[in-house]
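Now for the letters of each chain:
2 protein chains.
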Amino acid sequence: MAYEDALTLKERGTAAVQDATRHAGKTHKDIVRHILDHVKAEGRNALTAPEGKLICDVYGIAVPKEGVAATAADAAQLASEIGFPVVLKIVSPDILHKTEAGGVLVGLANADQVTQGFATIMENAKRYNASANLVGVQVQQMVGGGQEVIVGAVTDPSFGKLVAFGLGGVLVEVLKDITFRLAPTTRDDARSMLDGIAAAEMLKGVRGGEPVNREALATLIENVSRLVTDFPEIAEMDLNPVFASKTGAIAADVRIVLDFSPPVERYRPSQEAIVRQMNRIMRPDRVAVIGASSEDGKIGNSVMKNLINGGYQGEIYPIHPKADEIMGRKAYRSVLDVPGNIDVAVFAIPAKFVAAALKEVGQKGIPGAVLIPSGFAETGNVEGQQEIVAIAREYGIRLMGPNIYGFYYTPKNLCATFCTPYDVKGKAALSSQSGGIGMAIIGFSRAAKMGVSAIVGLGNKSDIDEDDLLTFFEQDDNTEIIAQHCEDLKDGRAFAEAARRVSKKKPVVVLKAGRTSLGARAASSHTGALAGNDRIYEDVFRQCGVIRARSLRDLLEFARGIPKLPTPKGENVVIITGAGGSGVLLSDACVDNSLSLMTMPPDLDAAFRKFIPPFGAAGNPVDITGGEPPTTYQNTIRLGLEDPRIHAIILGYWHTIITPPMVFAKLVVEVKEEMKAKGIEKPIVASLAGDVEVEEAAAYLYEHGVPAYAYSTEIPVAVLGAKYRWARAAGLI
Amino acid sequence: MAYEDALTLKERGTAAVQDATRHAGKTHKDIVRHILDHVKAEGRNALTAPEGKLICDVYGIAVPKEGVAATAADAAQLASEIGFPVVLKIVSPDILHKTEAGGVLVGLANADQVTQGFATIMENAKRYNASANLVGVQVQQMVGGGQEVIVGAVTDPSFGKLVAFGLGGVLVEVLKDITFRLAPTTRDDARSMLDGIAAAEMLKGVRGGEPVNREALATLIENVSRLVTDFPEIAEMDLNPVFASKTGAIAADVRIVLDFSPPVERYRPSQEAIVRQMNRIMRPDRVAVIGASSEDGKIGNSVMKNLINGGYQGEIYPIHPKADEIMGRKAYRSVLDVPGNIDVAVFAIPAKFVAAALKEVGQKGIPGAVLIPSGFAETGNVEGQQEIVAIAREYGIRLMGPNIYGFYYTPKNLCATFCTPYDVKGKAALSSQSGGIGMAIIGFSRAAKMGVSAIVGLGNKSDIDEDDLLTFFEQDDNTEIIAQHCEDLKDGRAFAEAARRVSKKKPVVVLKAGRTSLGARAASSHTGALAGNDRIYEDVFRQCGVIRARSLRDLLEFARGIPKLPTPKGENVVIITGAGGSGVLLSDACVDNSLSLMTMPPDLDAAFRKFIPPFGAAGNPVDITGGEPPTTYQNTIRLGLEDPRIHAIILGYWHTIITPPMVFAKLVVEVKEEMKAKGIEKPIVASLAGDVEVEEAAAYLYEHGVPAYAYSTEIPVAVLGAKYRWARAAGLI
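Quick mapping for you: the protein sequence lines, in order, are chains A and B. If you use this note's numbering, the first sequence corresponds to residues 34 to 766, in order. If you use this note's numbering, the second sequence corresponds to residues 34 to 766, in order.
Please note: incorrect hints may appear among the correct ones.
Copies of one chain are not kept apart here, so a pair can be met inside one copy or by any two copies together.
In silico DSSO-like pairs for lysine-lysine, Cα to Cα no more than 30 Å straight-line [unchecked claim]:
1. K279 with K209
2. K482 with K538
3. K385 with K458
4. K237 with K131
If you're looking for bench data, these hints aren't it; they were derived computationally from the structure.
Using the sequences and the hints, build the whole thing.
Structure, rendered in C-alpha cells:
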C-alpha cells in the first residue's frame, strides 16, 4: 500500500483525513470506510480534495504529492518539501467549483509566490462564499505533459456501477467521445476502453508525440473500478485531468460524490430457480386457460383455438366461472378444482379479476402465470400491478406480462397467445417488449419462413424479463440464437451478467428501442421507464458480447440468418462476384461491417485466375465477369471453400442467360454439400442481382443454409458481419 | 484593397514580393498574377511565406503584420515596429517544413531576444539543409487566442477546386473532422461549412469561451474560394492555423502549392446540344439495330425481340451483313443503306467491328450510338475505346457505353436492351454504371411495381455520363425523380453543376459505390477510375442538393417512394400509432433521418385526446393504443391532415381483429382522398406490424400514394426523410 508513503508528507487536511492518518496499519478498505463514515457523520455528500486523494492513494491510483496548509507560512514550507513548481487550491467542503471561486493558482515557482498566493486564494474564496468553512489551501506537486485524459465512474439506475474513460479537453466534451464499462472491469475490459474512443489514436502518439503507458492507464481504470465496487456509496467519481505519459498516469484532480441512501433491492431468483420455473412455464405439460371461452372474438377463445389448432399435445384445462365444457374440454370453476399439477396458467380475463385468480394459481402451486390482460401500469394502474406482483412473490409465481400477446414455444407446438398459430419450427428464440413489435416478428417470421423455437411477449415486465429468457434459452436445446426487442432494461446489471454468460454459447441479438433522445422520450411515455443513456447501452452490450441490431429489420434478418451460418474459423473474407459493380458495393458493406477482405496470396490469386477470363479481376473481390457459365461459379466457389486460408465467402450473382438464377442457386448448394461431405463448412452469404426470378433463387439458397438476398448487397454482408461480431466476442476467432 | 496597408511595413522579401510591391495601383489580380509568373519563371512550385501572405493580403485574407529581415539588426528593428511579442520564421524557398528545420521561434518579447533568435534560426536552417538558399527571417506579429481553425483549398481530379474548413489541432486530424465545398462558394456555402463539422459547437463558444465571428470566418473562406477560382494554378492552399475570435479571423500561416501544368480539357457539349442529342437518343422515332439477328441466344436477337415485344411503335431497322429480313423487318447491310434519318443506333456486334460500323453511323448523321458490346477499357482495351471516342468526336455522335445492357424509355415503350422488357410505367428514371446493379434495378422495380420512365446503363462512360442524363431528365416531362448508381464521376464538376440546377426541380438520388476505402480499391480494379475521397463526395452532394443513398436498397426505395409523396410544407412531423412500441422505433428513425417530431400544442393535444382512450398517450407519437376500431385511426389521421400546423404524418399500424390490415389500408386511402378533394395533400408513410396479411395492405397503400412497409419501422421514415432532405435543399421548405 502506498498509504505509508502518503504519511511521509505533512498531512494537515480535514478532520476525516487527520483521523484516517491515525489508522496506519489498517487495510486499505478500512481506511476508505473510515473516511466515508466520517463524511456521512458530517452530513456531507462530497469529499474534500485531500480526502479524495487519500482514497486514491490507498487504492493505488497515483496522485500528485500534496498537503494542506492552514497558514501562508505552512504553505511555503510544504511547497519546499514537495518541490517547485506547485499548484495551490482552496480546501473547503462548501466550495466544489474551485476555479470558479478563484481558488486555484498554478505554476508557483518559489516560496514567496506561495506565500502571496495563499493570501490571494483565501481572499477570493471569502468573496465567493462569505459563509464557507475555509479549511486551508492545498499545496500540490504540479504535474502536466503527456496526454490529458479523464477517468471516472457513475452509477446508472439500471446497470449500477460503470467506469468511464475519455480524453480531456473541451473538444472531447463537444464530441461526446467517452466510453463506459460495467464495474468491476477485467484488465481486458480496461484495455478495451483505451481503444473504445474515436480519438484512440491520440494515445498511441501522433505527430511525434510519445505513446502513453497503456498498462498504467489500464491499471488506473481497474483501481477505480475496484474502489467503486467495494464502496457502493461512491455514486460518482471524476479523475480529471489524468496526465497519461510514457512513464505513468497521475490523477491531478479528484472529485468524489457520495450517495448514502441504500440501493433499491430487486427481486432476483437464483439461476437454478429461474431455470426450474421457466422450464415448466415455457415447456409445460399441463396448461390452464383462465378465462377460456367458446365465444368467437373473445381472447380466451382465441387462446383456446391456438392451443388446440397449434397442435399442443399436453393437457389443456379451461377455467370458466360457469361453463362445464369449452371446445370439447372439461371446464373448471377454478384452477383449484383441477386434479393434479398445472405447469402454467394463461390469463385471458379483464385486469380487475386477475388478482383473485392469481391467488388461486398460487394456492395451487402453479409456478407461472402468463398475463395477457392489459390495464395495469401501462394505463396508469401502477397499484394494480404492484398488487399482483406482491401476490406472485407471496406464492413464488413467476409472471409473464401483463399486457402481452402471450408466447409460442414451437418444439411443444405451444401457441399460448391470442394471435395466429406459428408454423415454421426452428432454432431462433425471439422476444419483444411491445405487442406491436411482437406482431411484426410473427408476420416477418412466417413470411420469411424463419425457423423459430419461441416468440415471447414481455409487455410490462412486472417480473419475467430479458435475463430470465436468456437463462431459459441458454439451456434450451431447441434454441440456437436469442433475439430480443426491448425499450428498457429494468435490471440492466442482471441482464448484462446473463448476456455475458449466455453469449459465449449462443448469439444474443438485441434491438434497443428508444436509442436516440427523441426515441427515449417516446419510450418514457410508453412504459414509464427511464430510458438509459444510449452510449452506456452501446458499450455494455459490446462488453457482454451482445450483437446490437440497429433496426427492426436487422433484428429479424440477424435472427433468421445467423443460425444458418457455421461459425467462421478466421477473419479472411473473400468476395466472388459475377458483377464487378456488386463487388464494389459488397466491399463497401464489408468495411461498414468491420469485415476483413483477405489480401490474396499470389498462389491463390493465380489459382483463381485459372478459372476466370483474362480480363476478369482476381485479387479480392474475385471478379469472374458477367458472361460466365455455371462452371466458373462452381470452380471458384469450390476453390474458395477448399483453401484453408479463406474463412468466409460472399457471393455476388449476376443474372444471365448462361447461368440463370436457379442454376446458380443449385450449384452453390451442390458445391456447399460436396464440401460439407469432406468436413469443410464455411459461412457463405449471397447477393443476387437480376430480374424477379432471383427471388426464388434467394429463397432456395436461404432454405439450404446460404443467407441470400435479391436486390441488396448490404443485407447479406450485415448478416455475415453480425455472425463475426458474435464469434469474436465469444472468443471463437 | 488591403494592399496599400501591406506596403506600410518594410517589405524585405523575395524578389517576387519586392517586384510585386512596385506595382501599387494595379488590381489585386494583377499583383497575384505577377507573383505567380515570377514563381513560375524561377521554376518553383511553392510560394515563400511573404509571397503567400501578400497574396492573402490583396485578396482580403487577414494575415499578421510582418516583414522579412536579412540581418539580426533588421529583425530587431522590424520587431519594434510591429510590436512585441513576435514570431521568427526562416524564409527559404528550399525549406517547406520550417518547424522540422528548427526554423521557428515564438513569443520573443524584446529586441535582444529577437537578435539572438535570428542567429539560432539561421544556424538551425544551415544544419538542416546546407545548400538551402536562406533569404532571411520573417518577423511576424504574434497572434493567438480564440479558436484555432484551418481553412484550405485542394484540387480534386474530378471536382476541381474545393475549399476546406476544420478546427486546428492534432485531435481534429485524428478524427478527420473536415468539410469541403466546391469553389467558388456562395456566402451560404461558406456559412454552412461552419456547421458542417462534427465539432461545430466549438465555434459557438463552449465552457464560457466566446463565440467566433462567423461572418469574418465565412468571408475568409469566400476569399480563399475566389483566389483559387481566379488562379487555377493554385493547386493547394493551407491557412493553418487561422485564429478565429470574436473580433475576426487572422491566418497565422500560409502555405500555397502551385501546379502550372495545364488542366486536362474534357469534352463537354453545351446544355442545348446535350438536350437536342439526348432527346433523339432517348426518345427516338427510328432505331437501327446493328448486329440484329434472328438467331435465338444472340444479343442482337434479344434486342430485336425486346424492341418488338416491348411495344415500341417507331421504326426498327435491323442491320446485318447478309440477311434480307430479320423478325419480319427488312434488313440492311449498313445504316447507310437505310432511307431517311435514324435517331439512334443500338450496337449488338463484337467489339472489333464497332469502329467501322460507328464510322458509318457518323456518316449517316445519326446523333447517338448505344454500345452494348464489352471488350473495351474494362478488359484493358483502352486504345479500342479511345479509337471509338475519336470517331464519335469527329462525327458528333454521342456514345452510351460501351459495356452496357442498353436502356429503357417506357413512355415510348422502348426496350433497347438485351434484358427483359420492362412493364410498369411511371416517373422514376434510374441509371447504373454497372450492369449487375442495372439488373438489380430491373428486378426490384418489376417486383415492387415501381413506376419507371427510364433505366439506363452507363458502363464504361466513354462519353454519355450522369450529367448528360440529368440534363435530359431535367426537361423530360415523363420523369419526376432521377436515381443514379455510380462508381466514379469522370467529370465531377460537370455533374455537380448539373445536379445543383436539376435538384431544384426534381429530386436527384445517388448511390456512390466505392465509398469506403476498401470499396474504393475494388472500384479501381473494376473501372480503372480513381475513386474520389468519400468526404468530398459527401459534402459536394449535399452542396448540390443530391440525396445520397447509403445502400442499394435505399436507392431503390427512395426512387420508388419519393415521387409518391407530395412535398411537405414544413418541418412538423407527427407519428400516429396503434403500437406504442412502433412509436418508439419510429421516433428513433425520425432522429436518425433528421426529422422534427412536432412539439404538440396544447389545443391539438386535447383534440387528439378526444379520439383516443384515456390511457393512450397523446403528445407525439400519438399512441391510440392497440385495441382501437377503424374510427380511431380515421379520426386521428383526419385531424392530422386537417390541422395546418402538421406537415407530414407517419403511421404505425398494429394488426388486430378489430381493425384488420386491409380495413386499415382502405381507411387511410379514403381519408387521404377525402382531404385531397379539399385541397389538402401531405406526405404520409406507414409502418405495418402484423401477420403476413399486412404485406397485401402495404402494397395497397403504396399503390395509392402511401409508401408503406411491413415489418419495418425504419424504411418508411427513411423515405420520408429523403423527401425532406430534397425539399430542404431545393428551398421548398
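Quick rundown of the hints versus the structure:
no.: 1; hint: K279 with K209; result: both (26 Å within a copy, 25 Å between copies)
no.: 2; hint: K482 with K538; result: within (25 Å within a copy, 43 Å between copies)
no.: 3; hint: K385 with K458; result: neither (36 Å within a copy, 57 Å between copies)
no.: 4; hint: K237 with K131; result: between (32 Å within a copy, 25 Å between copies)
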